[in-house]
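A.B. asks: Sequence:
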Amino acid sequence: MPTQNPHRIVGLCTSSKVYNALTELKHLESHRSAKFLSLLAQNLVRKGLLNEQEVMHMLDQVVD
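Mapping of the sequence shown onto this note's numbering: residues 1 to 64, in sequence order.
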């Protein structure tokens with residue numbers, strides 16, 4: 001039976017936490033990936049590491 005918070009397992013590195021949270025329940029995998037990436041992009045823009053034009057350019061590449 002899956003846990004609802006697989007990223008809370010003690011001792012996992014950051015990449016494993018992200019991977020486990022995104023892939024644990026296959027029917028939610030794409031939704032969770034999209035949500036994580038949208039939050040990541042939002043935080044990077046807020047911190048000034050990306051601007052909205054750069055995000056739009058990356059999205060253009062994704063949908064082409």
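Please note that a few of the clues may not be correct.
Dumping the calculated EDC-like pairs for lysine to aspartate or glutamate here, alpha-carbon to alpha-carbon at most 20 Å [what the hints assert, rightly or not]:
id: 1; residue 1: 26; residue 2: 52
id: 2; residue 1: 35; residue 2: 24
id: 3; residue 1: 47; residue 2: 29
id: 4; residue 1: 17; residue 2: 29
id: 5; residue 1: 35; residue 2: 54
Hints listed in this document are in silico derivations from the structure and should not be mistaken for laboratory results.
Quick caveat: nothing in here was measured; it's all calculated off a predicted structure.
A.B. asks: Run the structure past the numbered hints and jot down the numbers of the failing ones, going up.
C.D. replies: Result: hints 1, 3 break, sorted rising.
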